[in-house]
Amino acid sequence: MAEKEFEPKIIGFFCNWCTYAGADLAGVSRLQYPPNIRVIRVMCSGTVSPHHVLRAFQKGADGVLIGGCHIGDCHYLRGNFMTIKRMRFLQDLLKFTGCEAGRLHLEWISAAEGPKFAETVRNFTEKIKKLGPSRLKLAARAA
Amino acid sequence: MKTRTVWILGMAAFLLSIAVISLPVSAAPPTGNVIGPQGHGKGGRIDDRKDPLTNQLRALRKEAIIAKEHSKEPLDAAVFYMDIRTHGKEFEKYYWRARDEFGVRFIRSRVHTIDAVPGTDDVAIRYLKEDGTLETEHFDMLVLSNGFEVSPKVLELAKTLGVEVNANKFADTSSFTPVSTSRPGIYVCGAFQGPKDIPQSVMEASAAAAASSELLSPARFSLARKKPVFEERDVSLETPRIGVFVCHCGINIASVVDVEAVRDYAKTLPYVEFVENSLFACSQDTQELIKERIKEHNLNRVVVASCTPRTHEPTFQETIKEAGLNKYLFQMANIRDQGSWVHANVPEAATQRAKDQVRMAVASASLQTPLQEFDLPVTKAGLVIGGGVAGMEAALGLAGQGYKATLVEKKDFLGGHALKLNQTWNGEVVKPYVEELIKKVNDNPLVEVFLNAEVTDVDGFVGNFKSLVSQQGREIEVEHGAAIIAMGGHSYKPTEYLYKDNPRVFLSLEMDQALREKNPMVTGAKCAAFIQCVGSREPERPYCSRVCCTHSVESAVNLKEINPDMDVYILYRDLRTYGLRENLYKEAREKGVIFIRFDLENKPQVAQNAKGELTVTVRDHILGIPVNLHPDVLTLASAIIVKDQEKLAKLFKVPLTNDGFFLEAHMKLRPVDFATDGVFVAGLAHYPKPMDEAIAQAKAAAARAAVVLAQDAIRAGGVVAQIDAAACSGCQACVGVCPFGAINYKEREDVCEVNQALCKGCGTCAANCPSECITLFGFSHKQIYTQVDEALAELEAMEEAAG
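Chains as they are written, first to last, in our numbering: chain A, 1209 to 1351; chain B, 6 to 808.
Same shape as in the complex, but just chain A (with noise of 0.2 Å):
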């Protein structure tokens, strides 16, 4: 069988006010990014847990990528200063387990960002094709 071209499994956690929006803005226009992610809406970034993130890691995903409101403008006024010092810590632990860095990226997208929206999964998935497969998840498969 043909070796088949590594597609990287990218879940996507997007706050519904901010970056979702971004990203149905980036629908409306017809902007195209690869089909890789799979998304799941939450109502803020800071709904997104460690133990969500780790959870996505664990199953086989190759990267992960939050997207909130920026600074300052949190539909939940500070939801998104949860969000950054829960992924500092996450990329520490996550380099401490030997997963390459830049598996694990969050972004601030605002509503009207359509275009850096789809820049951002863009440039994400092209990352994440060019590290390949998840380390954690050939050492579960292997396992």
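No lab work stands behind these hints, which were simulated from the structure alone.
Glycine included, each C-beta is placed from N, C-alpha and C at the ideal position.
Where hints are given, some of them may not hold.
[What the hints assert, rightly or not] Quick look at which bits of chain A chain B covers, simulated, 3 or more residues with Cβ under 8 Å:
| hint | region |
| --- | --- |
| 1 | 1219-1225 |
| 2 | 1232-1239 |
| 3 | 1248-1255 |
| 4 | 1259-1265 |
| 5 | 1284-1297 |
| 6 | 1308-1320 |
[To be verified] Mimicking BS3-like on lysine-lysine, the simulated pairs with C-alpha atoms at most 27 Å apart in a straight line are:
| hint | chain 1 | residue 1 | chain 2 | residue 2 |
| --- | --- | --- | --- | --- |
| 7 | B | K505 | B | K531 |
| 8 | A | K1345 | A | K1267 |
| 9 | B | K787 | A | K1293 |
| 10 | A | K1324 | B | K648 |
| 11 | A | K1324 | B | K658 |
[What the hints assert, rightly or not] Now the stretches of chain B that chain A is said to cover, found in silico as 3 or more residues with beta-carbon under 8 Å:
| hint | region |
| --- | --- |
| 12 | 340-350 |
| 13 | 767-776 |
Dock chain B against chain A, hints included.
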């Protein structure tokens, strides 16, 4: 063979519109593909000034872009035009995209001749290029963009109703009462008021509703019947029985995603009892159908795979409620805005993604339990920020409908920028109107005005706001159910064209003042010039300020009336005297005003000599060589900007566009609402606009606010957090992170508790809890984990297991 389609702007009375592509209202043409007669088409449009009603360019540019998208082979699209009129919010950027990204060719030319090409279905278009050379191009398809005209039936209706029409046969309205006809009690909105686009039509519709509401408010609810309360079926003991409805959305989804395959796939998923696909899931028929299916198959949860929940979730939730289900037993899979529209070139992958997102939605739905809502009282009062025309009209609009309005104005006077304006575009004098308006506001017992005041804090939510107004040191607490932001705009102060360096250089409002005061520098001038688009339609401010072309043309006509021998020049890029304002443009030309066109790359140069006399150098578009003008007065039509809006935006938690204007919930469908409930916007703070449009929008905002204020109660609850006291350790980590102070620590029980009336449903507490004992209803931990699992499940393995 390349497809070449031509669009031609506007049209003469004898040319019939043969627009092959339907006029845009929805996202794309509902059916069919773009097929040129023999392959590809080129589209063109003729703009005919004979008909003073200019059509909306936006429509045809959108058609050009959509045609290019739909065409499988490369499509060359050309647009022939006289002026590009993209004066709407965000439209200028769309024009730039059409030109720069999509490669639509914009050819400024009044098409001379259209001939059939013998032996083919093609058309040959002969036109003069800007440099004077004659060009002929062949196109496969020609789209004519025709102007608006009032239909004879409507004119008959107007006559029957006693509604007067103006010279152009549109309803005769005053700039100051844009939705009132000549007959009291009969209001007008939309195209019969004048050619206009969708956002403007929607705004006017709400404005007309407000005007009617003011008349009818004493009788509110007197004939109303209560909507039947639908009995909610108790599904708590039932295993999930999910119905999945997959939408085609015309061809929006179906042209990329294999809808039937998604439907069939959904049938294989756990707990799915029924699947169906439909052309438009949101249509009235399909809504009824969904209700029937729920009853027929005893469904207790519904998943719709279609567009974005951000627009349509409430619609479907209402539907299932009417079928007896708790409205939260519903999930949507976004396979259009985040599916077919963004993966248009990879249909197989898009279909795969659709299937995965449906699988995730079904899994989440299966875990969903009914959620309860409860009622909160509504403060029947509104807060209006901004004491200009828009703010005052909004406050009076609220008062007229029977609600108390608090008007907060930063300065020590009411009236805003309208005090600097002489007249509206159709010659109506502004001063008496504004003075009358201020008097009405001050005399109205339901309106309370705070001058020298600012809103410094906003607490609460729709129906139950408590804001702090700071007035010269003291703080006043205002309770209100809704708020209208009408903080206005400002003139951009240019750093070019010698503004401020030379007293002969004016901004538009300064010229108005000079005319008002009969300043001899202006009245005695032998030559006057105007430069348009100063600061607008440039990279730093890529938007059109909408009012300036009309304002300059109006001032030019005034100058000619003061002295018919005065040389008056208007230097412009595109003349945007839209709609009925075209008559003004005609008048100016007839009076001898000279219009010279320049483009962004060749802006005019302004210099002064030792005596302070001005020389304006501009490359004349017809002669092709630079021309020197020596105006005694130069007016710069500078951009309209917003200032200090970030503070207010943060207080009310509402977004701004990249250009700094307030961003409404939806540009077409909700032009005065914000995504945040209970807050509305009107006037310049939303986007530059003339007085009649500001007044219409202010009334519209008052109408929308009244929808909130008319209710006796606001529902709360639903998507809120709940703490499982049994598992709570009382660590209070959640108390600290809640941005709304909605969580209390109960000392005696040593556990925390969420106040569900204050809870906004962000879930930050739930993500923080070390015991994971906080659940955000609708987005529980289990639901998120399940969605993650399902997103990453191997499709083949699932299909195998399903058999």
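### Message
Three residues or more, CB to CB closer than 8 Å: is that satisfied between the region 1308-1320 of chain A and chain B?
### Response
Our answer is that it holds, as 3 residues pass the Cβ test (under 8 Å) against chain B, meeting three.
#### Entry: Proximity test - 8 Å, beta-carbon atoms, the region 1284-1297 of chain A to chain B, at least three hits
It holds, with 6 qualifying residues against the three required.
### Verdict on chain A covering the region 340-350 of chain B, criterion of 3 CB contacts below 8 Å
Answer holds; 9 residues pass the 8 Å Cβ test.
### Task
With a cut-off of 27 Å on the C-alpha distance, tell me whether K505/B and K531/B pass.
holds, 22 Å
### Message
What's the verdict on K1324/A and K658/B, does the C-alpha distance respect the 27 Å limit or exceed it?
### Response
At roughly 22 Å apart (the allowed maximum being 27 Å), K658/B and K1324/A satisfy the hint.
### Query
Do three or more residues of the region 1219-1225 of chain A come closer than 8 Å to chain B, measuring C-beta to C-beta?
n = 3 at 8 Å, threshold three: holds.
### Query
How about the region 1259-1265 of chain A: do at least three of its residues have a C-beta closer than 8 Å to a C-beta of chain B?
holds (count 4)
### Task
Take a quick look at whether K1324/A and K648/B sit within 27 Å of each other, Cα to Cα.
OK: K1324/A and K648/B at ~25 Å, within 27 Å.
#### Entry: Outcome, coverage hint (the region 767-776 of chain B, chain A; C-beta under 8 Å; three residues)
Our answer is that it holds, as 6 residues pass the Cβ test (under 8 Å) against chain A, meeting three.
### Hinted pair K1345/A and K1267/A, Cα distance within 27 Å
Given pair K1345/A, K1267/A holds - Cα atoms ~7 Å apart, limit 27 Å.
### Query
Under a C-beta cut-off of less than 8 Å, do 3 or more residues of the region 1248-1255 of chain A approach chain B closely enough to confirm the stated coverage?
holds (count 7)
### Query
Against chain B, does the region 1232-1239 of chain A show at least 3 residues with beta-carbon separation below 8 Å?
holds (count 6)
Checked against the numbered hints above, the structure breaks none of them.
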